[in-house]
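A.B. asks: With the hints in hand, could you dock these two chains into one complex?
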Amino acid sequence: MSTLDQATEAILSLLRGQTPNVLLEDDVCDREDLARLFQATNALIKGFAEAQDFIFALSQGVLNVDPPHRNFLVSSFKDLHAHLRHLTWQTQQVARGDLSQRVDFLGDFSEAFNTMIEALREKRLIEKELQRANEQLREAHAQIIDSLQYGRTIQTAFLPNREEMAAHLDDFFVIWKPKDVIGGDIYRFNSIADRFLIAVIDCTGHGVPGSIMTMIAGSSLDEARRNVGLHDPAAVLQELNRIVKRALNQHHSESPSDDGLDIGICSVDPEAGRVVFSGAKIALYCCVNGEVREIKGDKQPIGYKRSNVSHRYTNHMITIDSPMSLYMTTDGLLHQIGGSRGFPFGKRRFIRFLIDHWAKPMGQQQALLEQALESYRGDEPQVDDITVLGFTIAGRRGRRHEP
Amino acid sequence: MFKEERTDYRFKWADLGNIEEGRPNLGPTTLVSVYRLMQYTLRDVLISKYGVEAANGILVEAGKLAGSEFCLNLLNRQLGFEAFVAELQEKLKSLNVGILRVEKSNIDKMEFTLTVSEDLDCSGLPLLGETVCDYDEGFIAGILNTYTGRDFDVKEVDCWASGERTCRFHVKPKE
Ligand SMILES: [Zn+2]
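So the sequence lines, in the order shown, correspond to chains A and B. Residue 172 in the numbering used here sits at position 172 of the first sequence, and the numbers go up by one each step. Residue 1019 in the numbering used here sits at position 19 of the second sequence, and the numbers go up by one each step.
None of these hints come from the bench; they were simulated from the model. You may find that some hints are simply not true.
[To be verified] When the alpha-carbon atoms are kept at most 30 Å apart in a straight line, the in silico DSSO-like pairs for lysine-lysine are as follows:
1) A:Lys-347 with A:Lys-179
2) B:Lys-1155 with A:Lys-46
3) B:Lys-1093 with B:Lys-1155
4) A:Lys-123 with B:Lys-1104
5) B:Lys-1093 with A:Lys-123
[Stated by the list, open to error] One-sided and incomplete, this derived list gives chain A residues near chain B with beta-carbon spacing under 10 Å:
6) Leu-63
7) Asp-66
8) Ser-76
9) Trp-89
10) Arg-96
11) Asp-98
12) Leu-99
13) Val-103
14) Glu-370
[Said to hold, decoys possible] Here are the simulated distance ranges between beta carbons:
15) A:Gln-60 with B:Gly-1027: 47 to 53 Å
16) A:Val-94 with B:Ser-1033: 35 to 41 Å
17) A:Ala-112 with B:Glu-1175: 38 to 44 Å
18) B:Leu-1016 with A:Ala-40: 47 to 53 Å
19) A:Arg-70 with B:Glu-1053: 20 to 26 Å
20) A:Phe-105 with B:Ala-1014: 29 to 35 Å
21) A:Ile-55 with B:Gly-1124: 23 to 29 Å
Fair warning: this is a prediction, and the values are worked out from it, not measured in the lab. In this text, a Cβ means the ideal position worked out from N, Cα and C, and glycines have one as well.
So that you can see chain B by itself, here it is in the shape it has in the complex (with noise of 0.2 Å):
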């Protein structure tokens, strides 16, 4: 299941297994030093391996069936977009992922702008001058997909990373 070729993807929630029945003295709780050190070195190998690009692609990729897969296990797709993203947001915080912001909106066009502060990817990295929340691009792009249908383009345009206090994020449908 975790080791087939496949050109196509097949994760599935219930692969994140029953964390209750396999960790039931250390919990479904890690630190969010683990949580990086598995994603930057996993990133670390990938560059190494395929060039900035094409690393920076997959992780992508990898954020957006993670958000689709978030919308569908975890969030109600029949709420209106207002209390969708009220309940978006809830969630984030309570799963301890980030504080998510509404900066500006036009429901007309789909087109946001969101702050993520307190990120998990990264907030409180060492100052690259580079964003590097490709992860967190994917993630969101996943999950409105998945909620409205339509394809989004989601640019990073402020990081930690990058020198910014807040992660900032330029939201719009693909032309």
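With the rest of the complex left out, here is chain A (with noise of 0.2 Å):
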């Protein structure tokens, strides 16, 4: 082949896309021009493979592979390996959380790379937030926590001193059981000489409005009891409804609130074996030689707008000649969801409960009580406050002496 002509084949097998594995001997050749020829053909080929191995990582994505030197076959690609680089560079700081980096002048890449960068920092700006409000939710929800557990204290203070009861009670027990850490449930109860006195009461609501009302609940029957003796339960209700309606300004029909209560209430002589039993909306259970006899209260609530301060309460005698468990219970209890059917427990359940067990020491009552609600319950809910109070009343004959 002529020295010509190699110089052309070498050119075409570059055009072909193939690189000349041997390089002309330029130095064989006389022609000076023609030895400048092959001087230009070797470094074309040279240049030629370099770049095409410099290409081919880089099509691979290699890119540690650094750009070949002074070859200007490929300027544009070397542009590309440095914005790759850069890129790469970027989406690890990404990565490790560095997102004060952009992409500027890279084309539709910076468009992209800032557009997520941006995403990424509103998105990493709402987490903050998110925890933040955590926090403070948290918090606000431990000093809610904290301050119910005082109320709690404060209401169980409020409550009957049991030893008192225990003295003037053959035997007697008490559930009570608030819906949340406090509630609008409480008992009463009031001794003077040898007659006492005592209530159950269901405020309305429950949790902290339902303990505010206790609070009012418990000290206006307090009032109503100084006000009108113990005597007369009738009347000590009619006061009481009085009172609340005032203390709450619901006698006054514009007043924002409508609250009230439930009540049960028994005027208790155990000497004389006499109970006196008024009730607004809670019953007395009465439960002898197997019998169990309810007395409903009336119908009228107490301090309601709607309650009628010139209502007169009935008051029910109970003559009490052998061994007697008198009970009181707020709705709660007979309101309870449970069962398989999410039937309400019901007051026949109770009073099938009571027919089982009231000749039982009151302590195994409780217990007993408490399991079957318990049981009955299930998975549901507690739905409402429960307060449950029996005691026993020897009666005129039977009474038992305290050792």
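C.D. replies: Next comes the structure, spelled out in structure tokens:
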């Protein structure tokens, strides 16, 4: 092959994308212009080979290959190479949580990348915001729980002293189970000489508002009792109705609140074997000789706007000849949802319970009733505050004496 | 102030003067060619008087002084490294100095590969087959030195003038 043909062949082969594996021998050429042509062709072959290696690596995503120096065949690829290295670094920074970077002047890449960073920044802000809100919420919740716990301490202190009750009652139990930490149910006990007053009260609402109502109800009951005495529970209720309405300003029709309470109250003279009961929507259950008698309270509740202050509540006289168990309960027990069909516990079930267990020691009855309630409730939440009070009166003939 | 004999550097940022007041009509900017005219004529004279090596050394040293003052006056040194780089990048862009990009970083070793595209000193120069951004080398070293308190070696490995499309600098702490 002639020397010129060799050069032509080499160039054609480059044009086909193939690197000739032999360089032309420029030193064997005696013509100076041909020698220069050979040198230039050789440089082209070398540059082309370098370029191919570099572009191939680039196409494979291999970025740690340095671009061939002083090779202008791949100038634009060098730019691309530098940009890809930079984007790789940027992406690594983002992966490390560095959202301070941005990409400039890389066309569509810049926009996409910077938009992503912006979105990530916003997300981070929202996360921080959420975290802060969560912390505030947790703190507020802890404060509320603290305050409720303290409220419970106060509400518990407001309940009657058990020792005082025990001194006057042959046997008794109290189930006091607010739905929340504190609640709208309370019970009261007051004694003067041999006679005592025992009451169960269910105020509107539960939780904090309910518990505030119990404070009003309890102290109003004390006031009513001081005003009219222990002997006439119906009169106590009428007086209580008047006091609560005044206390909540519910004797004015424009008052914003309309709250009140249900109550069952017994005035007991154990020595004489006599109980006088009066109720406002709370009943008294009397159990003797395996029979249960329900004495309903009046339908008129206490303290509401609609509660009539001139309503005279009914006194029910019960004479006790042989040992009798008496019970009062708020509707939290009777309304508790449970069982296989999600029905309320109900009065019938309660009466059935009393028939079965009335003669047992009160402590045992309490345990059995709690157990019955829990197993009936199952996984259902407690729907309302629950208070059940049971006590025994030995009666005129069978009074047991404390040892 | 400008012409006293000295053995230590006395440049202050205030020496740049009140350009707003001084150039109410022409404003604060000029052409890149004017900047290069000054740099390359100065370089020419420095080389002919003191030789290539000394001239390069002078340019690096001047760049370092400029970088240090730049960092003190225009950058927030309280930022963490990543935010600092982002700010530097933004500053160089807004001042039309060049487009700084990071290719590689090892924060533990404080080693970096940076590129500067559309560089004020060299982009578009005739291809000379040599790196010319000595002033930039000093400039980067000066910024990092002032930010970190450590001395850095900055070497321009690729340059527009050496036939590359972007100037590439290897940065590592001085041993
Ligand atoms: Zn350069």
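A.B. asks: Does each hint fit the structure? Answer for all of them.
C.D. replies: Hints versus structure:
no. : hint                                  : result
1   : A:Lys-347 with A:Lys-179              : 20 Å, holds
2   : B:Lys-1155 with A:Lys-46              : 27 Å, holds
3   : B:Lys-1093 with B:Lys-1155            : 21 Å, holds
4   : A:Lys-123 with B:Lys-1104             : 27 Å, holds
5   : B:Lys-1093 with A:Lys-123             : 27 Å, holds
6   : Leu-63                                : 9 Å, holds
7   : Asp-66                                : 9 Å, holds
8   : Ser-76                                : 8 Å, holds
9   : Trp-89                                : 5 Å, holds
10  : Arg-96                                : 8 Å, holds
11  : Asp-98                                : 4 Å, holds
12  : Leu-99                                : 9 Å, holds
13  : Val-103                               : 8 Å, holds
14  : Glu-370                               : 61 Å, violated
15  : A:Gln-60 with B:Gly-1027: 47 to 53 Å  : 49 Å, holds
16  : A:Val-94 with B:Ser-1033: 35 to 41 Å  : 39 Å, holds
17  : A:Ala-112 with B:Glu-1175: 38 to 44 Å : 41 Å, holds
18  : B:Leu-1016 with A:Ala-40: 47 to 53 Å  : 50 Å, holds
19  : A:Arg-70 with B:Glu-1053: 20 to 26 Å  : 23 Å, holds
20  : A:Phe-105 with B:Ala-1014: 29 to 35 Å : 33 Å, holds
21  : A:Ile-55 with B:Gly-1124: 23 to 29 Å  : 25 Å, holds
When the structure is compared with the earlier hints, a violation turns up for hint 14 alone.
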